[in-house]
Amino acid sequence: MKHLTEPAYVRWILIGVALLFLALFLILPLIAVFTEAFKQGADVFVASIADPETLSAVKLTLLVAAISVPLNVTFGIAAAWAIAKFSFRGKNVLLTLIDLPFAVSPVIAGLIFVLLFGSQGILGPWLDLHDIKIIFAVPGIVLATTFVTFPFVARELIPIMEAQGKDEEEAAVSLGASGWKTFLRVTLPNVKWGLLYGVILCNARAMGEFGAVSVVSGHIRGMTNTLPLHVEILYNEYQFAAAFAVATLLAALALVTLIVKSFIEWKTERQSGVEEEPYIDVTGERAG
Amino acid sequence: MSIEVDNISKSYKNFTALKNVSLQIPEGELVALLGPSGSGKTTLLRLIAGLEQPEEGRILFNGEDNTNRDVRERRVGFVFQHYALFRHMNIFDNIAFGLTVRSRKTRPNKEEIREKVHSLLKLVQLEGLAHRYPSQLSGGQRQRVALARALAVEPKFLLLDEPFGALDTKVRQELRRWLRHLHGKLGLTILFVTHDQEEAMELADQVVVMNEGKVEQVGSPEEIYHHPANPFVYSFLGRVNLFRGRVHEGKIKLGEAEFETEWENKAVELPAVGYMRPHDVEVSLHAPADSSIQAVQAQVSRISLLGPIVRLDLKRLDTNEVFEAEMSRQRFAELALVENGTVYVTLNNLSFYVEEGQSVTPAPTFIPLQVSV
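Residue numbers (numbering that gives the first Met the number 0), protein chains in the order written: chain A, 0 to 287; chain B, 0 to 372.
So here's chain A without its partners, still in its complex pose (with noise of 0.2 Å):
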């Protein structure tokens, strides 16, 4: 197969800038995020982080996380069990507006919560009347990030149910399980590690998002601030070594995302490679 392999020059150019890029735009600002924090030595760095308002930040994150990840988790699974596993009217509808959250803008997303919710909003005089803040509060924060976070189990879970096909659901209803049990013991083993996946991308996003954060969290300290905000305010305010500070615990955790991430990669693969024939969707044939 020589022939089919580029000369070694071309092959070293683009290993060359690949590496040279990843270095430059990923590795780069990563030492420069954890040099910048440790730069006043490490006690700056320990009582930035055990500064009483970036705790109430991480505890925030780690609670509106708590929320929107498991709503996002059942959310996904439904309609990505309804997408794949049956056919009814309005499939490619539901199918858009899943992705609806990908093609708009963060602070769109935003500002549509501040637009139905806000005190000017269209909910707003029911809510004020009735004492339900949303808005600059942790209920808005929520919802913003379920949203923004809304596509990523569904659209890791769709592409490998409809891979998978319906047959083992009929053997396992024709076999008298009933469909929860059918769910439990066969769809669900079936998809885990694709489930994992998107668990992860969906909180490491949901711990880090900004744009529709910002718009309705109105950035009241140690109490509406997520750890990104608070990044943001602490730089602002020349804060530099704590900014940095706090923004290695973001750093951190894009790191321990992307080893899980890769754990499972590999963990799927190895899951993959002993299937030697695919499960062929055979719903073509099914009229013969």
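Simulated from the structure, these hints should not be mistaken for laboratory data.
Just so we're clear, the structure is a prediction, and the values are computed from it rather than from any experiment.
Watch out, some of these pointers could steer you wrong.
Unchecked claim - In silico lysine-lysine, PhoX-like type, Cα no more than 25 Å apart, as pairs:
| no. | chain 1 | residue 1 | chain 2 | residue 2 |
| --- | --- | --- | --- | --- |
| 1 | A | Lys165 | B | Lys155 |
| 2 | A | Lys180 | B | Lys115 |
| 3 | A | Lys38 | A | Lys90 |
| 4 | B | Lys12 | B | Lys213 |
| 5 | B | Lys252 | B | Lys213 |
| 6 | A | Lys180 | B | Lys12 |
| 7 | B | Lys12 | A | Lys90 |
| 8 | B | Lys109 | A | Lys180 |
| 9 | A | Lys165 | B | Lys104 |
| 10 | A | Lys84 | B | Lys12 |
| 11 | B | Lys252 | B | Lys155 |
| 12 | B | Lys18 | A | Lys180 |
As the list claims (entries may be wrong) - Computed spacing ranges between beta-carbons, pair by pair:
| no. | chain 1 | residue 1 | chain 2 | residue 2 | range |
| --- | --- | --- | --- | --- | --- |
| 13 | B | Val170 | A | Leu21 | 24 to 30 Å |
| 14 | A | Phe87 | B | Arg301 | 32 to 38 Å |
| 15 | B | Ser1 | A | Ala77 | 51 to 57 Å |
| 16 | B | Thr99 | A | Leu21 | 46 to 52 Å |
Ideal Cβ placement from N, Cα and C applies to all residues, glycine included.
We have chain A already, so just place chain B on it with the hints.
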């Protein structure tokens, strides 16, 4: 358990899969649903299983209406074309699935399940593979696991969708023999779908020939091969030669050959088709002495030696129609045939069908004729 399909119709978006199909499958028989792809045989099987709902008609098991019963309650053993084994479960769990998903009240205990699975593994000759995963088995082994899994729930009957479709010829032949044996041992009603006429003929007690959503003929392999109800069945079961001609005033003319017929519609001239199997074509070097035997001259255009038989591609000298003849090696040696040589061919054993109606009619009716030569 017997199965009765009563006047079933089913269509998808823009495609009619089944049109008023009725069928009776007696208890304990091994029945093949045979037809080309798109003939509706898989749809019929899925309707019987309850995986699809018919628009019209009823499905009865032992005379009891099951049309509106859920798949789960029908207790039907269904084996899928691509096996549909649960890929994340080992073989033991696959076979035990139908038992372990039962509600606590009806579920057998662990020991009973273990025993059942092991006896089934023994039945399908896969002892010792209980802890393997489906991806670690060969196609034939997977097929047998699928069968064992279906049998575990003690189904009323077995439905197999193209059971040997994805296997190579040798494994297929072994599995056929094994299935025949299994059927004899269990005495279960088995209905299987196939597009392979040889498979249907070899395995089945009864063959249901289907085409374009309709049942064309039901009968034993012997019946459908030797007495096909219509040209479709004739040409679907094995190789066939077609001779086109016309029927007029009680005579069918196929080129130079002429046949007497009891065809009643004597005044009108209608197109007629004569069908003949290649092994029924008699080839000789001389014209038959008996002048009442219809024989035509033909040229040998190609000789294929196929093991025990020899196949000739022939061309009629009167009509230029191309057809095939098959003979034993011995007969071939006796005749000492060569390519491009001329032979006499006796047109006995012809079955005639007359095309009735205008040529614009999309589906002309064919009526078999009694031929007196």
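Hints, one by one, checked against the model:
Distance hint between Lys165(A) and Lys155(B) is fulfilled; the C-alpha atoms sit about 24 Å from each other, no more than 25 Å. Between Lys180(A) and Lys115(B) the CA atoms are separated by roughly 21 Å; this keeps the pair inside 25 Å, and the hint holds. With a C-alpha separation of about 54 Å, the suggested pair Lys38(A) and Lys90(A) falls outside the 25 Å cut-off, and the hint is violated. Note on Lys12(B) and Lys213(B): the hinted pairing holds, with a Cα-Cα distance of about 18 Å set against a maximum of 25 Å.
A hinted pair counts as satisfied when its Cα atoms are at most 25 Å apart, and Lys252(B) with Lys213(B) does not qualify at roughly 32 Å. About 30 Å separates the Cα atoms of Lys180(A) and Lys12(B), which puts this hinted pair outside 25 Å; it is violated. Distance hint between Lys12(B) and Lys90(A) is fulfilled; the C-alpha atoms sit about 15 Å from each other, no more than 25 Å. Distance hint between Lys109(B) and Lys180(A) is fulfilled; the C-alpha atoms sit about 18 Å from each other, no more than 25 Å.
For a cut-off of 25 Å, the pair hint linking Lys165(A) to Lys104(B) is broken: about 29 Å separates their Cα positions. With a C-alpha separation of about 17 Å, the suggested pairing of Lys84(A) with Lys12(B) holds against the 25 Å cut-off. For a cut-off of 25 Å, the pair hint linking Lys252(B) to Lys155(B) is broken: about 54 Å separates their Cα positions. Note on Lys18(B) and Lys180(A): the hinted pairing is violated, with a Cα-Cα distance of about 35 Å set against a maximum of 25 Å.
Restraint check, Val170(B) to Leu21(A): a C-beta distance of roughly 50 Å breaks the suggested window 24 to 30 Å. Phe87(A) and Arg301(B) have their C-beta atoms about 56 Å apart, which leaves the hinted 32 to 38 Å range violated. Look at Ser1(B) against Ala77(A): about 42 Å separates their beta carbons, and that is not inside 51 to 57 Å. For Thr99(B) and Leu21(A), the Cβ-Cβ distance of about 50 Å falls inside the hinted range of 46 to 52 Å, so the restraint holds.
In this structure, the hints that do not hold are numbers 3, 5, 6, 9, 11, 12, 13, 14, 15, in rising order.
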